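> Protein sequences appear in the order of chains S and G. My numbering numbers the first residue of the first sequence as 1 and each following residue consecutively. My numbering numbers the first residue of the second sequence as 1 and each following residue consecutively.
Hints in this document: simulated from the structure, not taken from any laboratory. Bear in mind the structure is a predicted one, so any value in this text is a computation, not a measurement. Even glycine gets a Cβ: it sits at the ideal position worked out from N, Cα and C. Mixed in with the good hints, there may be bad ones.
Some, not all, of what chain G presents toward chain S, calculated at C-beta under 10 angstroms [what the hints assert, rightly or not]: (1) I133; (2) S137; (3) E138; (4) Q139; (5) I140; (6) D141; (7) A142; (8) L143; (9) T145; (10) M146; (11) Y153.
So the derived label-pair ranges between C-beta atoms look like this [stated by the list, open to error]: (12) S:E159 with G:E239: 37 to 43 angstroms; (13) G:A33 with S:K219: 34 to 40 angstroms; (14) S:Q141 with G:R237: 29 to 35 angstroms; (15) G:R237 with S:E76: 32 to 38 angstroms.
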Amino acid sequence: MPEPFIEFKDVCKSFGNLQVLDRANLSIYQGEITAIIGKSGAGKSVLLKHIIGLLKPDSGHILVRGKPLSKFTKAEWKQFKRSLSYMFQNNALFDSLTIFENIALPLAERTRMSSAEIREKVMFRIEQFELGDVEHKYPSQISGGMQKRVALARAVVTEPDMILFDEPTTGLDPLRKNAVLNMVAHYQREIGFTGVMVSHDIPDVFFISNRVAIIENKKIAFQGTPLELEQCDDEVVWQFIHGQEVLQDQLTGLHSKLELERALKQELERIGKFQEVFSVVLFSVDSLEQIREKVGYIAAQRIFQCIGMSLRENLGTAGYAARFGPEEILTVIPQADSSRAELIIKEITAECSKQDLMKPQSYRKVCMDFAIKAGIVEVRNKMDLEEVISLARKHQKIIAKMECDRKRGPK
Amino acid sequence: MAEKTADSGNQGFLGSINWLGRRTLEIIGELGAVGIFFAWGFALIFSLPFQFRKIIQQVYFIGVKSFLIISLIGLFTGMVLGLQGYYTLVKFGSEGMLGAAVALSLIRELGPVLTALMVIGRAGSSIAAEIGIMRISEQIDALDTMDINPMRYLVSPRMAASVIVFPMLTALFDVIGIFGGFLTGVVLLGINSGIYFNRIYDSVVLKDVTGGFLKSLAFALIVSTICCYQGYFTHMRSEGFGARGVSLATTSAVVISCVLVLVVDYILTSFLL
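The shape of chain S in the complex, shown without the other chains:
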């Protein structure tokens, strides 16, 4: 691993009685985009402000190429600062200057360029960020999305070595958001600046990041590549990257995967002690991924939702059901043998068959056959978790089917 460009070592920061950072350690490498993610108010912006010197740590050090910022001479600090740009969360545009003057300000104040040179550089950015129409307007006269682009244009106009982005995409519509992320990635490849980006746009921000850091509970809970992030099994990290699934599970009434695993372990322990019985049912939807891709995201979600909702109705508070994989729902039904589990499956079959999503006429444009399968395992003896699941997979049978109306065909 090369030497980090910027390194936080045991940085602590409090505002009055409120501690925001507690021994935070973070490494940022040259030429990479590092995404910092975390809940609102977790201290992401505070981290950024430490790099540029707007805030100073209460204790700990911030090292730039191995040298603490606190030991920088005035000239070194000036040089370092000139190589940085900062894009503020609320843009911090100068509201008494026009858009052109805003973008030109760092060049006009810091360099000895002629006004023609400044104009050329600024106009290039104005065109690049599609701001031509608003060049002579004031920040309060343009939309929030445009203000964001002006802030971005101002940040890149000096061609800095490092840009600190404080939520550059917050408040933008999806198209503009993608355009901004695209632009950051494109510009980063072209110039090769180091980027530090605070963002909530999961997973979009991972696609353009070389490294990801998660800040949680005043510390850096994870730092590594996006691939390492996906492989990480820490609960906090999992919640961050599967945020969307967590929301979907709440909508479908499913438990979290962790809750289910806990319940399953508990039941397996009880089997060892009290010789009770419980059932595990594994539902799966064949080719759900393909449905998601070809038919649509909402159709795929509805199928899952149907199983989840009917499960919740039939199990009440007694059982646990959670998304187990992209196409599977695992259910634990305590003190139930296989006949009770079969009854529940029948109910679900009846319930889901009534829904529009099981009717071919709902898929007028694109249609795909699919089947809902369920496999029951009655657990009477102590078994491994993996063993239970592979048995359930083996026992799976089709419980409901949707076949497209081939005669009519898609319209």
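On the provided structure of chain S, position chain G as indicated by the hints.
Okay, now just chain G, sitting in the frame of chain S:
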């Protein structure tokens, strides 16, 4: 019981001494901060490259835009001085001295003080509000991150412009005020115009004029420093958040500047006489 009362009385006394001490230390600290702020902002006026454009912009904002209000106030002040002066002087049969009375009170005292008070109301409050808003909306931080010194960019041009503009506005005030006195004294009440101007010529010496200008220079530095300081440190107030913070900063800027102008006026007058 008696002991308890004595004890609480003692505590109350100690508490007030404590409060007094704390307040004194706070005020001394604040004065020090203002002093450093002034020295830093003033020194940066002379840093290269000179900020001609920005200084001219501020001269326009603080000076040219105050032209009308200063003229108007000057005119009516001179007129009322002429009126009051005439009725006082006529009792002693010396209404011929009206020109001297109007000119001396304007040049020595009313000109610099009223000009300063008017500029505080018109430009000082807006300086504090503008810088305050820039502070709370992170625009000052943005300047800092761009390695643009906010003191040099925001404070120095305003100080320089004030130093240029205050004496000029004072001169304008004096001239128009004397003309106002002429309107009431000569045109309205019938004093001979030759006597009016001749008395001015006889009584006003250069020391009066330089004294007045010295005062206006001192007021320029006080007003620009206090108004910029209040806006610049809006966020350091205990209630310095959002619009309320800016409104408090503006109020303090106006009140403190006005009080200081009058206090410093007294001190300077006692030295100049």
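> Could you run down the list of hints and mark each one as holding or not?
Status of each hint after checking the structure:
{"no.": "1", "hint": "I133", "result": "holds, 8 angstroms"}
{"no.": "2", "hint": "S137", "result": "holds, 6 angstroms"}
{"no.": "3", "hint": "E138", "result": "holds, 4 angstroms"}
{"no.": "4", "hint": "Q139", "result": "holds, 5 angstroms"}
{"no.": "5", "hint": "I140", "result": "holds, 9 angstroms"}
{"no.": "6", "hint": "D141", "result": "holds, 6 angstroms"}
{"no.": "7", "hint": "A142", "result": "holds, 4 angstroms"}
{"no.": "8", "hint": "L143", "result": "holds, 8 angstroms"}
{"no.": "9", "hint": "T145", "result": "holds, 4 angstroms"}
{"no.": "10", "hint": "M146", "result": "holds, 5 angstroms"}
{"no.": "11", "hint": "Y153", "result": "holds, 7 angstroms"}
{"no.": "12", "hint": "S:E159 with G:E239: 37 to 43 angstroms", "result": "holds, 41 angstroms"}
{"no.": "13", "hint": "G:A33 with S:K219: 34 to 40 angstroms", "result": "holds, 36 angstroms"}
{"no.": "14", "hint": "S:Q141 with G:R237: 29 to 35 angstroms", "result": "holds, 30 angstroms"}
{"no.": "15", "hint": "G:R237 with S:E76: 32 to 38 angstroms", "result": "holds, 34 angstroms"}
The structure shown violates none of the earlier numbered hints.
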